[in-house]
Amino acid sequence: MTDMASIEGIIKILFVVVIIAAAYIISTRNILSLVSVYSLQSLTLAAIALALWIADGKIVLLEIAIVTIASKVLIIPYFIATIQERIRIKRDIEFHYLNPTTSLLVSMVMMLVIYFALSRILPTAPGTPSLLFFGAVIGISLMLMGMMVTFSRKRAITKVMGYLSMENGVLFFGMFVTELPLIIEFLIIIDLIILVLLTTILAVGIDSTLEEYHNRLHRFHLWEDKEDAS
Amino acid sequence: MSLDFVVYMMVNTLLVIAAAPFFVSFIKKVKAWTQGRRGPSVFQTYANLAKLLKKEVIYSPHSSRIMRVTPYVNIAAALVASLFVPLAFVPEPVGGIGNIILFLYLLALGKFFMALSGLDAGSSFGGMGSSREMSISAVIEPTTIIVFAALAFVFKTLNIFTIFSVTAGSSTPVTPTLILLGISLFIILIVETSRIPVDNPETHLELTMIHEGMILEQSGRNLALMELSSGIKLTLLIALLINLVLPFGLGTTLTVAGIAIAAVLFLLKGVLLGGIIGLFESSMSKMRFFRLPSLFAMAFFFSTLTIIIEVFT
Numbered sequence: 001m002t003d004m005a006s007i008e009g010i011i012k013i014l015f016v017v018v019i020i021a022a023a024y025i026i027s028t029r030n031i032l033s034l035v036s037v038y039s040l041q042s043l044t045l046a047a048i049a050l051a052l053w054i055a056d057g058k059i060v061l062l063e064i065a066i067v068t069i070a071s072k073v074l075i076i077p078y079f080i081a082t083i084q085e086r087i088r089i090k091r092d093i094e095f096h097y098l099n100p101t102t103s104l105l106v107s108m109v110m111m112l113v114i115y116f117a118l119s120r121i122l123p124t125a126p127g128t129p130s131l132l133f134f135g136a137v138i139g140i141s142l143m144l145m146g147m148m149v150t151f152s153r154k155r156a157i158t159k160v161m162g163y164l165s166m167e168n169g170v171l172f173f174g175m176f177v178t179e180l181p182l183i184i185e186f187l188i189i190i191d192l193i194i195l196v197l198l199t200t201i202l203a204v205g206i207d208s209t210l211e212e213y214h215n216r217l218h219r220f221h222l223w224e225d226k227e228d229a230s
Numbered sequence: 001m002s003l004d005f006v007v008y009m010m011v012n013t014l015l016v017i018a019a020a021p022f023f024v025s026f027i028k029k030v031k032a033w034t035q036g037r038r039g040p041s042v043f044q045t046y047a048n049l050a051k052l053l054k055k056e057v058i059y060s061p062h063s064s065r066i067m068r069v070t071p072y073v074n075i076a077a078a079l080v081a082s083l084f085v086p087l088a089f090v091p092e093p094v095g096g097i098g099n100i101i102l103f104l105y106l107l108a109l110g111k112f113f114m115a116l117s118g119l120d121a122g123s124s125f126g127g128m129g130s131s132r133e134m135s136i137s138a139v140i141e142p143t144t145i146i147v148f149a150a151l152a153f154v155f156k157t158l159n160i161f162t163i164f165s166v167t168a169g170s171s172t173p174v175t176p177t178l179i180l181l182g183i184s185l186f187i188i189l190i191v192e193t194s195r196i197p198v199d200n201p202e203t204h205l206e207l208t209m210i211h212e213g214m215i216l217e218q219s220g221r222n223l224a225l226m227e228l229s230s231g232i233k234l235t236l237l238i239a240l241l242i243n244l245v246l247p248f249g250l251g252t253t254l255t256v257a258g259i260a261i262a263a264v265l266f267l268l269k270g271v272l273l274g275g276i277i278g279l280f281e282s283s284m285s286k287m288r289f290f291r292l293p294s295l296f297a298m299a300f301f302f303s304t305l306t307i308i309i310e311v312f313t
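One line per chain: the protein sequences are A and B, in this order. Residue 18 in the numbering used here sits at position 18 of the first sequence, and the numbers go up by one each step. Residue 271 in the numbering used here sits at position 271 of the second sequence, and the numbers go up by one each step.
A few of these clues could be false.
SDA-like mimics (lysine to any residue), calculated; alpha carbons at most 20 Å apart, straight line [what the hints assert, rightly or not]: (1) A:Lys-159 to A:Tyr-97; (2) B:Lys-51 to B:Ser-63; (3) B:Lys-286 to A:Arg-91; (4) A:Lys-90 to B:Leu-216; (5) B:Lys-156 to B:Leu-216; (6) B:Lys-156 to A:Thr-82; (7) B:Lys-29 to B:Gly-275; (8) B:Lys-51 to B:Leu-216; (9) B:Lys-286 to A:Lys-159; (10) B:Lys-156 to B:Val-94; (11) A:Lys-90 to B:Lys-286; (12) A:Lys-90 to B:Met-287; (13) B:Lys-286 to A:Tyr-97; (14) B:Lys-156 to B:Gly-127.
In silico negatives: residues of chain B with every beta carbon more than 12 Å from chain A [said to hold, decoys possible]: (15) Arg-37; (16) Tyr-46; (17) Val-57; (18) Ile-101; (19) Ser-123; (20) Pro-176; (21) Ala-260; (22) Ile-261; (23) Gly-275.
These are computed hints drawn from the structure, not numbers from a lab. These numbers come from a predicted model, not from an experiment. Backbone N, C-alpha and C fix where the C-beta goes; we use that ideal spot for every residue, glycine too.
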């Protein structure tokens, strides 16, 4: 099966792309590129799902790929980019607890810990495919790296990006180890879209009455009433 | 020492010396294009070096022997290091030549003398340049070692010649480890050759200068030697990167046609990488000094990841 071997090679390269994107998400200060790197990461996940579908033939993987492309490559980045454009925040340079350099080092240590922890739980007899094990390690590290983004960033919009990349980790783990049912994947994605909608509220200000909030939406051009002209 | 190796030494050294000024000015040209200027010709650096070689050398009255010795130490270290990185054709390794650790320390030797000469003349700019250079070197050193350790770990050898003959002979064009190593080596290249997020090679008028600050007191043919050796360093790191990531055409047997084709291919690939470096420099602004470790941490992260991946799979 030379075909299988080449698909495995491609998947490994895609793994590396996912990790590079995660490292970039952890350390960048530029929100514009954060969004595009997030959608690149999701696209890579979709590509991995497709490659696995070609190798395995399980239809659920194809469905995951389609759902991922529709929601996480197109819809969510589009929403976030729109919010970002409206509230005119281009950079996030404040960090809690960990600065980007430390987070990179911490995530490296975390990967090692996860590697050792998983090697005790998952069966790693010489015959088992290393790809699954590798995928599991990267999936969990991606989740924890997303968590680090969530708590080390100060802006609401970047916190949400951290949450989103955390969910990518869950999907990744699910693809390699425990086959998530498609319905759960769907629910998670609907949650994510609602979360992104809520971000508008978080980003614009949750500490206000409804009228005041409406006014703020006007101020940031997030809401345009046709009748208002009168 | 075989005849092959003697030929290799001559060809490689000549090629490095001939290509170094070209790459320096080509990167300048790319940066000029991105800024909408025409920029100096790609042969400008040759003319500069030729002019400088004819000029007399002036020493500051405060300077000592270090100042007089440094340019020669630098060019010698760079030329010896150039033997370690085959550009066009990989012979059988002889003795310790090609050892990756010795290569790093040869580069460090040149850097050490350059920093000393910066202090030696007693100008405050030189001292500031040396101080910065040494701080950066101290921070980048562990990263460099990890990157090269990853390289050695992946290829299971410490010899650059053996590494290159493995990459030249391998059939799979891209592997995950090569991508990661490529990124790390690229960052090392940027830092070691004092390029934009770290230092600005364009000017010696800025207070933030590092490399230019150290060679501010050099003049005449000494300056030419210093510039040539930094050009050689750039060429060597470029060669290291492209012969790892894009090794096709790299010859392993000695034929005239083979060497000629490999040399031309090397120049073309170097032009490609030089273009990438130029674009990278144009798209970045200089980083604040204390933020540089985050750039190094990136290289550190990727090279450690390389080692982890090698252990995993």
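Status of the hints after comparison with the structure:
Only pairs whose Cα atoms come within 20 Å are accepted, and Lys-159 of chain A paired with Tyr-97 of chain A is accepted, the gap being roughly 14 Å. For the proposed pair Lys-51 of chain B and Ser-63 of chain B, the alpha carbon gap of about 24 Å is over 20 Å, so the pair is violated. Of the supplied pair hints, the one linking Lys-286 of chain B and Arg-91 of chain A holds, its CA atoms being roughly 17 Å apart against a limit of 20 Å. A threshold of 20 Å between alpha carbons decides the hint, and for Lys-90 of chain A with Leu-216 of chain B the separation of about 38 Å lies outside it, so the pair is violated.
The hinted pair formed by Lys-156 of chain B and Leu-216 of chain B fails the criterion: a straight-line CA distance of about 42 Å is larger than 20 Å. At roughly 49 Å between alpha-carbon atoms, Lys-156 of chain B and Thr-82 of chain A are farther apart than 20 Å, so this suggested pair is violated. A threshold of 20 Å between alpha carbons decides the hint, and for Lys-29 of chain B with Gly-275 of chain B the separation of about 9 Å falls inside it, so the pair holds. Taken as a hint, the Lys-51 of chain B and Leu-216 of chain B pair is honoured in the structure, with Cα atoms around 17 Å apart against an allowance of 20 Å.
Taking the CA atoms of Lys-286 of chain B and Lys-159 of chain A, the gap is about 27 Å. The hint is violated against a cut of 20 Å. Simply put, Lys-156 of chain B and Val-94 of chain B have alpha-carbon atoms about 18 Å apart, close enough for the 20 Å limit, and the pair holds. Restraint check: the Cα-Cα separation between Lys-90 of chain A and Lys-286 of chain B comes to about 18 Å, which is no more than 20 Å; the hinted pair holds. Using a Cα cut-off of 20 Å, the hinted pair Lys-90 of chain A and Met-287 of chain B holds, with the two alpha carbons roughly 18 Å apart.
Distance restraint check for Lys-286 of chain B and Tyr-97 of chain A: the Cα-Cα separation of roughly 26 Å exceeds the 20 Å cut-off, and the hinted pair is therefore not satisfied. The straight-line distance between the Cα atoms of Lys-156 of chain B and Gly-127 of chain B is roughly 41 Å, outside the 20 Å bound, and the hint therefore fails. With a closest Cβ-Cβ approach of about 26 Å to chain A, Arg-37 of chain B is found to remain outside the 12 Å limit, as its non-interface label requires. The Cβ of Tyr-46 of chain B lies farther than 12 Å from every Cβ of chain A, with a closest approach of about 38 Å, so its non-interface assignment holds.
At roughly 43 Å from the closest C-beta of chain A, the C-beta of Val-57 of chain B stays outside 12 Å, upholding its exclusion from the interface. Its beta-carbon lying about 23 Å from the closest one in chain A, Ile-101 of chain B satisfies the requirement of being farther than 12 Å from that chain. Annotated as non-interface, Ser-123 of chain B keeps its C-beta farther than 12 Å from every C-beta of chain A; the closest such distance is 33 Å. With a minimum CB-CB distance of about 4 Å to chain A, Pro-176 of chain B fails to clear the 12 Å threshold, and the non-interface call is violated.
With a closest Cβ-Cβ approach of about 34 Å to chain A, Ala-260 of chain B is found to remain outside the 12 Å limit, as its non-interface label requires. The beta carbon of Ile-261 of chain B is kept farther than 12 Å from every beta carbon of chain A, the shortest such distance being approximately 29 Å. Even its closest Cβ contact with chain A, about 21 Å, leaves Gly-275 of chain B beyond 12 Å, as expected for a residue assigned away from the interface.
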